[in-house]
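Make a model of the complete structure from these sequences and hints.
Chains S and H are the protein sequences, given in the same order. Reading the first sequence from the start, the letters are residues 1 to 613 in UniProt numbering. Reading the second sequence from the start, the letters are residues 1 to 188 in UniProt numbering.
If you're looking for bench data, these hints aren't it; they were derived computationally from the structure. The beta-carbon is built from N, C-alpha and C at its ideal position, and this holds for glycine as well. One should not assume that every hint holds.
What the hints assert, rightly or not - Listed next, the in silico DMTMM-like pairs over lysine to aspartate or glutamate satisfying Cα-Cα at most 20 angstroms (straight line): (1) S:K613 / H:E30; (2) S:K517 / S:D583; (3) S:K5 / H:E30; (4) S:K38 / S:D84; (5) H:K144 / S:E106.
Said to hold, decoys possible - Here are the computed distance ranges between Cβ atoms for each label pair: (6) H:K44 / S:N538: 21 to 29 angstroms; (7) S:G49 / H:K127: 25 to 33 angstroms; (8) S:Q592 / H:H57: 19 to 27 angstroms; (9) H:Q94 / S:P312: 35 to 43 angstroms; (10) H:S61 / S:L436: 32 to 40 angstroms; (11) H:S31 / S:D139: 35 to 43 angstroms; (12) H:K38 / S:N538: 32 to 40 angstroms; (13) S:Q592 / H:K44: 31 to 39 angstroms; (14) H:S46 / S:Q2: 29 to 37 angstroms; (15) H:A163 / S:W167: 55 to 63 angstroms; (16) S:T604 / H:K38: 49 to 57 angstroms.
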Amino acid sequence: MQLSKFPYLVQKEILDNMTYSDLFLLSFVSKNMKNIIKSSQATRFRRIGRIVYEIDNMDLWNTNYRKIYIPSESNEDVILRCWDMSEKLRKDYFQLNVSGRILDFEYITCRYHMVAFNQCNKESVFESIHNYFLDFFGDTVKNQWIVNNYMPYFPRLPNLSLILIFWGTGNDKGNMKNLQKIISSSPTMTHIKMSFWEANETLKPESKFYQAESIAIQQDNLTVPVNLGSFQGRQTFFRCNTCRNFDLIEFVNRWKSGEAFQKLEHLEIVIDNDDIPINRILDEIGVKYIDATKTPPTHTLPKVYFETVCKPNTYPINAHTYVVRETDNRVASISIQEKTLSFGVWSETEEEFLAMVKLSQNHVPIADFHPKYDQSVFGAIHNYFLDFFGNSIEYIWIARLTHGCKLLIPRLQNLSECVYTSGFPELSTEEFEKILSSSSVFKLVNMDNLTRVERFGPESKLCQVESIQLKLNDKAILDVLHHFQGRQAFFTCSSSFEIEGWTEFVDKWKSGEVFQKLEYLRVKIPSRHEFPQTEILNAVGVNYIDATKTPPTHSLPKVHSWRVRRRYTDPIISHTYVVRETDNRVASISIQQTTILFGVWNKTEEEFLAMVK
Amino acid sequence: MSSTEQGTSSAAPAEPTTAPESAAAPEVPESFYYVHGKDKVVHKVSAGALQHSALIHGMISNLGYTEEQAKANPFPFENIDGDILQMVVDWCNQHKGKPTPPEDTNLPKQKEKLFDLVLAVNYLEIKELLTYCCKQVAMMVKGKSPEEIREIWMIPTDAEDEAAEKEAKKRAGKEAAGETAAAAGDAK
Chain S
1 MQLSKFPYLV QKEILDNMTY SDLFLLSFVS KNMKNIIKSS QATRFRRIGR IVYEIDNMDL
61 WNTNYRKIYI PSESNEDVIL RCWDMSEKLR KDYFQLNVSG RILDFEYITC RYHMVAFNQC
121 NKESVFESIH NYFLDFFGDT VKNQWIVNNY MPYFPRLPNL SLILIFWGTG NDKGNMKNLQ
181 KIISSSPTMT HIKMSFWEAN ETLKPESKFY QAESIAIQQD NLTVPVNLGS FQGRQTFFRC
241 NTCRNFDLIE FVNRWKSGEA FQKLEHLEIV IDNDDIPINR ILDEIGVKYI DATKTPPTHT
301 LPKVYFETVC KPNTYPINAH TYVVRETDNR VASISIQEKT LSFGVWSETE EEFLAMVKLS
361 QNHVPIADFH PKYDQSVFGA IHNYFLDFFG NSIEYIWIAR LTHGCKLLIP RLQNLSECVY
421 TSGFPELSTE EFEKILSSSS VFKLVNMDNL TRVERFGPES KLCQVESIQL KLNDKAILDV
481 LHHFQGRQAF FTCSSSFEIE GWTEFVDKWK SGEVFQKLEY LRVKIPSRHE FPQTEILNAV
541 GVNYIDATKT PPTHSLPKVH SWRVRRRYTD PIISHTYVVR ETDNRVASIS IQQTTILFGV
601 WNKTEEEFLA MVK
Chain H
1 MSSTEQGTSS AAPAEPTTAP ESAAAPEVPE SFYYVHGKDK VVHKVSAGAL QHSALIHGMI
61 SNLGYTEEQA KANPFPFENI DGDILQMVVD WCNQHKGKPT PPEDTNLPKQ KEKLFDLVLA
121 VNYLEIKELL TYCCKQVAMM VKGKSPEEIR EIWMIPTDAE DEAAEKEAKK RAGKEAAGET
181 AAAAGDAK
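Set out below in structure tokens:
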């Protein structure tokens, strides 16, 4: 097989299907080949945000083992591993000229090629690799080298930014000294991620630590060991046990005066202690308000550094409150929600910022009341509505989970109850059952924090809910699936999903024993997994509609939708279907990489096939 | 918005289940076409199966052949070996009217056969099969050293590339000289 005999587009398709690691090795075959890769993969390479050099195995902190990979939101694509093993080379090792230096390579069992080198040569080895990458992937790609307190080594190379990950605890002076030593002996860090509990010393304001572009800190409060007040970089993320409101107020006031934090773009502070009412600072920092009937612009920007499988952008701030810097009239949106304070600095002046504020489509009256009267207030409003709008329409109460798993649900007639959470800490089985018991039967349960909930029995109230939208582990999904008596189920699985569970479900549905009310089912798995489409279709014994024909589209109104634009279930246009034995009703099945859709028709097979065009 | 709803289609919702009920369209008999490769063995293939090939689909879409006309005019693909065309026809028949699976494990394992299949599929413009084939070709070099890759894909060395380039230049020079001489002769 002669690759060069293939037309260019075929060669490109082959290269498109190769991993970065294989392309890297292929580039050494010839200069011509390297040029073909660089030209055909130029767009793909341009999309690489960064290449990360990270310590390979956290159990081997005292080594220089490195993996070099391209991270993304869903996985990391390893290009190469570098191990200090030159004396233990296997017989089938080979040598490559990497940017003018001959390096030893061998293939290791964990699917990657490895550069083997002597500890004393590490500087030049990494230099060669780095230079080769700059040429091969292009110099627009950021190169980031991760150091930690156990392995602070880094090669001094141009275009290589440093990330520090530091774990410290206790008031042991050794930890603090180690941190100071790493910081002072390195160039300015691009990003520092640090957790340091129970420290009793604060880093001096002149420390290079504060010049890092971005810091993500977990410590007891906002001043020890890292003092928020001394930060000079662009992005900062703090998570503390506690804080003094004074520190927050001082931070905002210093920013407003222009005295400090000139480069700051984004700040996020999470205070874990519930007893700190951080929302009280709003009155003391002189915030300005955007009219509640208007929609403020959303502040978000790319993070300086994000870990694999994490969001690449800062959390969007959509606040009606803002402050203005006196020196240049720049605006910062400030949002306080539960335990989190978010602060996003705009490059716009107040005038420009307010020009971005949009008039909301709905002007609504606001009822003010004291929380202790909530039951009677909602009772009065509900009764008025029943009289005014009539009792033929459906009234839905959407309960949002608050801290301590508390739900406010007024006991009222003709009121359907839904529960919704998003971004809340994971719940235990007990906490979730407590939530379910707060309603006779919920109409809808939509929660994304149940991956710790392991199993459900047939008696669980969840199985009686009309519509469920849940993120669960695979076993819990199967439990619910086996006993579900409702109409619509939307599952996001936190792991892969066994096909046996799916076939068992379809067989049960086909037999007509259970799921009589089921209308729609969706199961999504994480993008790193994939449903074996053919295997599943064969296992459940589907019927096929001829590919030359167009099957009808299955879609129906959701029991409840949070968004007007998503009032209907995802359309299913599938050439595969199954038939229920008891009443000859049809269900369309669609399987795409990470999603299975199952839509039940109120048509018999004959009626269904008549709709095929 | 519910996070469990994230990632759903952003397309406007389709109408609900109550799709218009229409009387079943009368069954149209399926039409067949005929193709042959280098070995002249003729294969009868349904129009449905041939839809996989953009090339053939484009050729037949406006023909309106009767069964007899189609039989009398098989499409000749003289550049494709008979056994390779057979593989392509089998694949099209197998995947007729079915969603194509994410991968195909029934592709030839021998290098040369796979190579010929890639060329044929590329010529016939069968996109899904070409993707499977290219994936398989890419997998052939997974975990191989550059020298092993060179051997598998027969990639010339830098020295061979340079020699070939020199040779091509020399040939182009000679041809140019020949053309100039011929032009001068014509002028005389």
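Would you say the C-beta atoms of S61 of chain H and L436 of chain S sit inside 32 to 40 angstroms of each other?
violated, 58 angstroms
Hint consistency between K144 of chain H and E106 of chain S [alpha-carbon to alpha-carbon, up to 20 angstroms]:
Satisfied, since the Cα-Cα distance of roughly 10 angstroms is no more than 20 angstroms.
Compare the distance between the alpha carbons of K613 of chain S and E30 of chain H with 20 angstroms, and conclude whether the hinted pair is satisfied.
With Cα atoms ~15 angstroms apart, K613 of chain S and E30 of chain H stay inside 20 angstroms; holds.
Just to be sure I understand the hint, the distance between the Cβ atoms of Q592 of chain S and K44 of chain H should be within 31 to 39 angstroms; is that true here?
For K44 of chain H against Q592 of chain S, whose Cβ atoms are near 33 angstroms apart, the range 31 to 39 angstroms holds.
Check the following: the C-beta atoms of S46 of chain H and Q2 of chain S are separated by a distance inside 29 to 37 angstroms.
holds, 35 angstroms
If you check the beta carbons of T604 of chain S and K38 of chain H, does the distance land in 49 to 57 angstroms?
At 51 angstroms between Cβs, range holds.
Restraint status (C-alpha distance of K5 of chain S to E30 of chain H at most 20 angstroms):
Distance of about 38 angstroms is beyond 20 angstroms: violated.
Assuming the hint says 35 to 43 angstroms, is it satisfied by the Cβ distance from Q94 of chain H to P312 of chain S or not?
holds, 42 angstroms
Is the distance from the Cβ of Q592 of chain S to the Cβ of H57 of chain H consistent with 19 to 27 angstroms?
holds, 24 angstroms
Within 32 to 40 angstroms or not, the Cβ separation of K38 of chain H and N538 of chain S?
At 35 angstroms between Cβs, range holds.
Can the restraint linking K517 of chain S and D583 of chain S be considered satisfied, given a maximum Cα separation of 20 angstroms?
Since the Cα atoms of K517 of chain S and D583 of chain S sit roughly 13 angstroms apart, the hinted pair holds (cutoff 20 angstroms).
Within 55 to 63 angstroms: is that where the Cβ-Cβ distance between A163 of chain H and W167 of chain S falls?
Check passed, 58 angstroms falls within 55 to 63 angstroms.
Hints 3, 4, 10 and 11, counting from the list given before, are not met by this structure.
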